[in-house]
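Peer 1: Please model the complete structure; the sequences and the hints are all you need to start from.
Spelled out from the first residue to the last, the chains are:
2 protein chains.
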Amino acid sequence: MSEQTDSRARIHMGHGSGGRATGRLIQELFVKHLHNERLDPLDDGALLDLSGSLAMSTDAFVVDPIFFPGGDIGKLAVCGTVNDVAMCGAVPRALSAAFILEEGLLLEDLERIARSMGAQAREAGVEVVTGDTKVVPRGHADGVYVTTAGVGERIEGVRLGGALARPGDVIMVSGPLGDHGAAIMAVRAGIDLEGDLRSDCASVAGAVVRLLQAVPGVHVLRDPTRGGLASVVVEIAEASKVGVELEETAIPVSEATLAACEILGLDPLSLACEGRFVAILPAELEDAACQALSEEAVASGLCRIGRVVDDHPGKVVLRTQIGGTRLVDQAEGELLPRIC
Amino acid sequence: MSEQTDSRARIHMGHGSGGRATGRLIQELFVKHLHNERLDPLDDGALLDLSGSLAMSTDAFVVDPIFFPGGDIGKLAVCGTVNDVAMCGAVPRALSAAFILEEGLLLEDLERIARSMGAQAREAGVEVVTGDTKVVPRGHADGVYVTTAGVGERIEGVRLGGALARPGDVIMVSGPLGDHGAAIMAVRAGIDLEGDLRSDCASVAGAVVRLLQAVPGVHVLRDPTRGGLASVVVEIAEASKVGVELEETAIPVSEATLAACEILGLDPLSLACEGRFVAILPAELEDAACQALSEEAVASGLCRIGRVVDDHPGKVVLRTQIGGTRLVDQAEGELLPRIC
Numbered sequence: 001m002s003e004q005t006d007s008r009a010r011i012h013m014g015h016g017s018g019g020r021a022t023g024r025l026i027q028e029l030f031v032k033h034l035h036n037e038r039l040d041p042l043d044d045g046a047l048l049d050l051s052g053s054l055a056m057s058t059d060a061f062v063v064d065p066i067f068f069p070g071g072d073i074g075k076l077a078v079c080g081t082v083n084d085v086a087m088c089g090a091v092p093r094a095l096s097a098a099f100i101l102e103e104g105l106l107l108e109d110l111e112r113i114a115r116s117m118g119a120q121a122r123e124a125g126v127e128v129v130t131g132d133t134k135v136v137p138r139g140h141a142d143g144v145y146v147t148t149a150g151v152g153e154r155i156e157g158v159r160l161g162g163a164l165a166r167p168g169d170v171i172m173v174s175g176p177l178g179d180h181g182a183a184i185m186a187v188r189a190g191i192d193l194e195g196d197l198r199s200d201c202a203s204v205a206g207a208v209v210r211l212l213q214a215v216p217g218v219h220v221l222r223d224p225t226r227g228g229l230a231s232v233v234v235e236i237a238e239a240s241k242v243g244v245e246l247e248e249t250a251i252p253v254s255e256a257t258l259a260a261c262e263i264l265g266l267d268p269l270s271l272a273c274e275g276r277f278v279a280i281l282p283a284e285l286e287d288a289a290c291q292a293l294s295e296e297a298v299a300s301g302l303c304r305i306g307r308v309v310d311d312h313p314g315k316v317v318l319r320t321q322i323g324g325t326r327l328v329d330q331a332e333g334e335l336l337p338r339i340c
Numbered sequence: 001m002s003e004q005t006d007s008r009a010r011i012h013m014g015h016g017s018g019g020r021a022t023g024r025l026i027q028e029l030f031v032k033h034l035h036n037e038r039l040d041p042l043d044d045g046a047l048l049d050l051s052g053s054l055a056m057s058t059d060a061f062v063v064d065p066i067f068f069p070g071g072d073i074g075k076l077a078v079c080g081t082v083n084d085v086a087m088c089g090a091v092p093r094a095l096s097a098a099f100i101l102e103e104g105l106l107l108e109d110l111e112r113i114a115r116s117m118g119a120q121a122r123e124a125g126v127e128v129v130t131g132d133t134k135v136v137p138r139g140h141a142d143g144v145y146v147t148t149a150g151v152g153e154r155i156e157g158v159r160l161g162g163a164l165a166r167p168g169d170v171i172m173v174s175g176p177l178g179d180h181g182a183a184i185m186a187v188r189a190g191i192d193l194e195g196d197l198r199s200d201c202a203s204v205a206g207a208v209v210r211l212l213q214a215v216p217g218v219h220v221l222r223d224p225t226r227g228g229l230a231s232v233v234v235e236i237a238e239a240s241k242v243g244v245e246l247e248e249t250a251i252p253v254s255e256a257t258l259a260a261c262e263i264l265g266l267d268p269l270s271l272a273c274e275g276r277f278v279a280i281l282p283a284e285l286e287d288a289a290c291q292a293l294s295e296e297a298v299a300s301g302l303c304r305i306g307r308v309v310d311d312h313p314g315k316v317v318l319r320t321q322i323g324g325t326r327l328v329d330q331a332e333g334e335l336l337p338r339i340c
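Chains X and G, in that order, are what the protein sequence lines are. Take 1 as the starting number for the first sequence in this note's numbering and just add one per residue. Take 1 as the starting number for the second sequence in this note's numbering and just add one per residue.
Hints are not guaranteed to be accurate.
[As the list claims (entries may be wrong)] BS3-like cross-link-like pairs, simulated, lysine-lysine; straight-line CA separation at most 27 Å: (1) X:Lys32 - G:Lys241; (2) X:Lys241 - G:Lys32; (3) G:Lys315 - G:Lys241; (4) G:Lys315 - X:Lys32; (5) X:Lys315 - G:Lys32; (6) X:Lys241 - X:Lys315.
Hints listed in this document are in silico derivations from the structure and should not be mistaken for laboratory results.
Peer 2: And the structure:
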């Protein structure tokens with residue numbers, strides 16, 4: 001490391017003391033980029049005015065690398081939790097954010113992450129209302145881990161759940177699958193696809209809210225993150241005790257992600273997305289769903305990829321391009337560590 | 001490491017894959033100890049039925065060691081967030097819990113932590129409703145980090161804030177200070193005080209709710225965690241633009257903690273508590289507060305330790321045992337890393 005690099009300001013243990021250095025870090029970095037009426041008093045928690053039924057979700061983000069084409073750990077930590085709250089049929093309103101920082105982390109990297117969280121929160125219409133900062137000694141973490149939790153107000157008249165898929169339902173996805181996973185793995189492998197490969201990391205909450213308000217009869221909503229489409233659809237087939245048939249030719253995968261999958265030996269069906277959703281709904285609602293999402297950029301790739309059937313309950317069958325079928329299952333072990 | 005030890009089941013990268021191994025870990029370990037109607041469906045988030053105004057708080061826990069006299073990281077992760085929600089004047093209702101596990105962590109250690117969280121949640125009257133599990137490769141974290149977020153229903157008629165202390169208010173603490181910090185530091189230093197030194201880790205939510213229902217005129221509530229009493233009182237003096245006078249002889253510190261402080265060169269005023277609270281309220285409400293808390297075991301050490309004054313706004317003055325005074329300030333650097 002050059003002297004110049006080494007002289008840049010870094011996180012030290014004092015930033016986690018709860019004393020002056022912590023206070024300055026919070027004011028000059030986190031409040032600067034995330035401020036809002038609820039966060040700014042910096043009390044032990046934040047007061048919220050929400051009404052009706054709520055949904056709550058949380059995710060820990062440990063992605064490696066922390067900056068990647070199409071996003072960073074901060075954007076991911078906002079989108080991931082916002083999307084999970086939306087998948088519950090709720091309008092995301094408030095996030096908490098807890099940071100575990102490794103001693104030696106560059107302050108400019110942390111600021112880039114905080115700025116990105118602020119921008120993404122504004123875009124998703126949500127506020128980071130409360131937080132926490134801990135520092136662990138060098139070697140006891142890997143740069144920065146961010147855990148967000150979110151609460152949202154449930155949309156009335158909507159009832160969603162992984163156990164609610166029914167034979168006759170159609171299975172739709174909002175866009176090409178696996179771009180996030182492929183982008184992360186390509187960076188790690190040092191593969192350059194001329195900038196075509198970017199994470200799909202985005203908030204889908206706006207699109208989902210519009211869909212549910214127009215089509216409250218949706219049965220299941222899921223974002224195919226870790227484990228990808230395969231994991232999500234198998235989970236749903238098992239929980240709902242129904243069969244699922246997917247059409248391989250109908251499943252959208254970008255050319256760049258396909259190329260990365262070929263080079264790296266990955267299956268796009270198991271690759272994580274961070275800005276897509278899977279919707280399962282009665283076939284007669286498909287047109288209404290397409291209509292509702294027609295102006296939503298994050299759902300511009302919306303298409304039907306399969307159906308829920310009576311046969312082979314708990315199993316997911318893929319009809320392949322060449323006319324055969326194969327069983328889709330969840331990965332048993334860990335293929336893609338630290339993808340989110 | 002002996003073969004016997006090595007053969008015990010450990011966390012592997014597959015536990016973080018989002019596939020089968022993750023599912024089994026969640027079912028057989030987390031759901032087993034934390035289960036409730038909201039958690040059990042294991043959807044992307046949980047549905048809550050809360051009413052009125054809410055409070056939300058979060059904390060990341062990185063305590064070292066993860067097991068200590070009087071508690072463990074799981075109990076701490078429940079109590080810490082439950083207490084922060086209570087400090088906002090709210091009845092804690094739901095928690096999220098996100099785990100960052102290091103490859104190689106013993107499953108029996110993780111189960112002990114989950115069991116402890118379940119027991120503490122039941123005791124505190126709160127449910128863990130949603131969660132997340134990530135695994136990072138050996139060497140990229142230190143055993144286990146737990147981040148909890150909590151939401152609670154605000155008690156009507158209560159208005160609390162660090163900026164609301166007023167001259168004439170009394171400052172009370174619920175019991176002896178610094179036991180948590182002293183217990184952790186003693187373990188790390190290998191000091192044995194014959195079992196007398198135990199963390200005060202506990203939920204104070206029940207006591208706080210009883211206090212606020214009986215005495216809604218409380219101005220400030222804080223739990224003196226990282227940075228201890230000193231950090232909390234200085235923060236309040238600065239935010240409220242008032243002076244604070246503390247009486248050293250009135251500040252309760254256990255004999256074991258005093259002994260540890262002498263051996264280790266620590267100041268009990270800067271040591272973390274995890275089961276105490278500081279209440280600042282008009283002097284005329286002191287008797288009512290004592291009455292309200294008279295049957296609460298976690299507040300059995302309740303006493304007045306000082307007053308809010310007009311003089312020296314923003315400053316905290318300690319009247320010492322020998323009749324002098326000294327200025328109390330927050331620590332500038334990090335004295336006690338990974339205390340919570």
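Peer 1: Going through the numbered hints above, which ones does this structure break? Give me the numbers in ascending order.
Peer 2: none
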